[in-house]
Amino acid sequence: MAVLDPTPSGAQHILLPFLYSQSQTSLTRLYTRPSACLAIYRLLSPLERQIIMSLLWLESSVPASVFASWVHPNKVAKQQYDTAISSLTRLHIIPSTPGTLAKLLLHPTFKASFRTALTGGGTHQSFGVPADKGEKRSVNVEFLDSYAVERWETILHYMVSSGTGQSPVRPSQGVLYLLQRSGLMSAFGGGSVLRITSAGFQFLLHPPHSQLWDLLLQYLHMAEERRMDLVGVLSFLFMLSTMELGQDYSTENLDQTQNAMLEDLRDYGLVWQRKTSSRRFHPTRLATTLTSSLPPLPSSTTTSGTDHVASQGFIILETNYRMYAYTNNPLQIAVLNLFTTLKSRFPNLIVGALTRDSVRKALSNGITAEQIVSYLTTHAHPQMRKNVPLLPVTVQDQIRLWEREKNRVQADEGFLYTGFASQIDYEYVLNYARQLDVVVWENAESRCFFGRADGHESIKGYVTRLRADANGGGGQGA
Amino acid sequence: MKALKGVLVTCDAAVKQILLHMNTEQHFIIQDLDDTHLVIKGEELERIRRALDVELEKNTYSFE
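Chains as they are written, first to last, in the UniProt record's numbering: chain A, 1 to 478; chain B, 1 to 64.
Isolated chain B (complex conformation):
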């Protein structure tokens, strides 16, 4: 048995695909578990959150 240290990310399927795409640029995924779960490196979490926010924000439009 072995134990891998990391952060379990629970997200929807769409976000997971974005994360997989981001992973091709800079590797941070330790293990791909299923459609909605990933284990990633703990120290990368904040960077990922920010990058994801920017990515998702590209799909929103405002009247102002």
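Chain A on its own, in the form it takes in the complex:
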């Protein structure tokens, strides 16, 4: 299923731009670990993967012209090929040769490690070291799943019910800080009370896989600031992503950075440890599916299940604004409560309605009409999918109208420029302001225009220069 693919068609995996920004030295260090090579390979697009595979077992380089001759000679194919090559070059998987790309070959470190990853062997231990068996009862997969779901839903539930007066279980301090740093929640009124932001609501609509990566990417940025060894952090994440669910691993050969990470990842629900001091850890499904296309949470309890779109849809919306949602998941109910008025609740069904008040409440929280419509579309019940268009047009339009009604006043901060001495002066300054792209309103008759505040300094400077020129050239002062 396309939605589950970590690299859905057209879109690049969110981690890749971060890797592009890393130095060649860091990436080379990363490539010494076979697990990292395998994980990165899994994040790449099919074409990039194919190029790597073609080069992997060759001992010598291939002339770029030979490679290019495999590409279908139309524009689209050529463009895709060029994008793929440039992406691999930026990852330093294909070293960029000075001048033209005359020859293609894989980075020797990457080649060696990736070969090891595929064929096995070596003493690199980059796929983790399983702990000794038979110490205590082993933990089963169901337990790990419920642990991961519990942790993950705690975070999402905390986000969604913030500001509603309820007090759900608070995630740990580290998670709260991460949510705040990523702009998904922000402190209101200068206090310690966190509330969900517009970005946070969009986040809730994402499939779990990208939610997870959104947070981890933020974690990587934080790791940079905390001066943690980024290569260590990345390779640990990649290591987790290649581990086996249900297996316990030893912490003994983790370095200091990675031991510190264990604590954070435990809060996110990526790993489970019996005790804080335990010398073994279990990756959960959230961790082992990081670079795979499998759903990160067991599907029966998937929270904002955009995976299995057809089977997971649960909302029926009628033309009379009534909404029936077949769910008993508190998280889904809480999300719906953001923009609907809930009327009654049954064991497997809640009934509510989209009302002006409920939508206005959502709008004033920074949620947009488009987001509400897209949420309802993604989670529409299979029965709804027979309708064309999917959602009743009346309801869609009304939601957008309510938004327009809410935003009847648009405000731009800036300066009103007026009192120009001559038409020529006015045109000079106006043209300059247009080039800066700061003009919001203009009126030639009264010779005035309104420019946004960010252009003011430049305009002021321009006018001063204009005056100086005019005074030098013949007293045409403005």
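Derived from the structure by calculation, the hints contain no laboratory data.
Glycine included, C-beta positions come from ideal geometry on N, C-alpha and C.
Watch out, some of these pointers could steer you wrong.
[Claimed, not checked] When the alpha-carbon atoms are kept at most 30 Å apart in a straight line, the in silico DSSO-like pairs for lysine-lysine are as follows: (1) 406(A) with 343(A); (2) 275(A) with 58(B); (3) 41(B) with 5(B); (4) 361(A) with 41(B); (5) 386(A) with 343(A); (6) 78(A) with 103(A); (7) 460(A) with 5(B); (8) 58(B) with 2(B); (9) 111(A) with 78(A); (10) 58(B) with 361(A); (11) 58(B) with 343(A); (12) 5(B) with 406(A); (13) 406(A) with 41(B); (14) 58(B) with 41(B); (15) 58(B) with 406(A); (16) 460(A) with 58(B); (17) 361(A) with 343(A); (18) 75(A) with 103(A); (19) 386(A) with 460(A).
[Claimed, not checked] Which chain B residues stay away from chain A? Per the calculated CB distances, all over 12 Å, these: (20) 23; (21) 24; (22) 26; (23) 27.
Chain A is fixed; fit chain B onto it per the hints.
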């Protein structure tokens, strides 16, 4: 040439009339530009938005 600091308010004609009416009670409009544009004092913007919301809400009715 002179530059006046302020906030450009873009709105529909009806809202502009309400704003003009509000201005008679407490002055906040710097310049009246045309049917849909006004320049107002920046520090008054939030108060105006709230007052306008209350004013517009008087014209809506709900079943509940």
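Results for each hint:
no., hint, in the structure
1, 406(A) with 343(A), "holds (25 Å)"
2, 275(A) with 58(B), "violated (60 Å)"
3, 41(B) with 5(B), "holds (8 Å)"
4, 361(A) with 41(B), "holds (28 Å)"
5, 386(A) with 343(A), "holds (26 Å)"
6, 78(A) with 103(A), "holds (17 Å)"
7, 460(A) with 5(B), "holds (13 Å)"
8, 58(B) with 2(B), "violated (40 Å)"
9, 111(A) with 78(A), "holds (25 Å)"
10, 58(B) with 361(A), "holds (17 Å)"
11, 58(B) with 343(A), "holds (26 Å)"
12, 5(B) with 406(A), "holds (26 Å)"
13, 406(A) with 41(B), "holds (21 Å)"
14, 58(B) with 41(B), "holds (25 Å)"
15, 58(B) with 406(A), "holds (14 Å)"
16, 460(A) with 58(B), "violated (44 Å)"
17, 361(A) with 343(A), "holds (16 Å)"
18, 75(A) with 103(A), "holds (22 Å)"
19, 386(A) with 460(A), "violated (60 Å)"
20, 23, "holds (14 Å)"
21, 24, "holds (18 Å)"
22, 26, "holds (17 Å)"
23, 27, "holds (17 Å)"
Hints 2, 8, 16 and 19, counting from the list given before, are not met by this structure.
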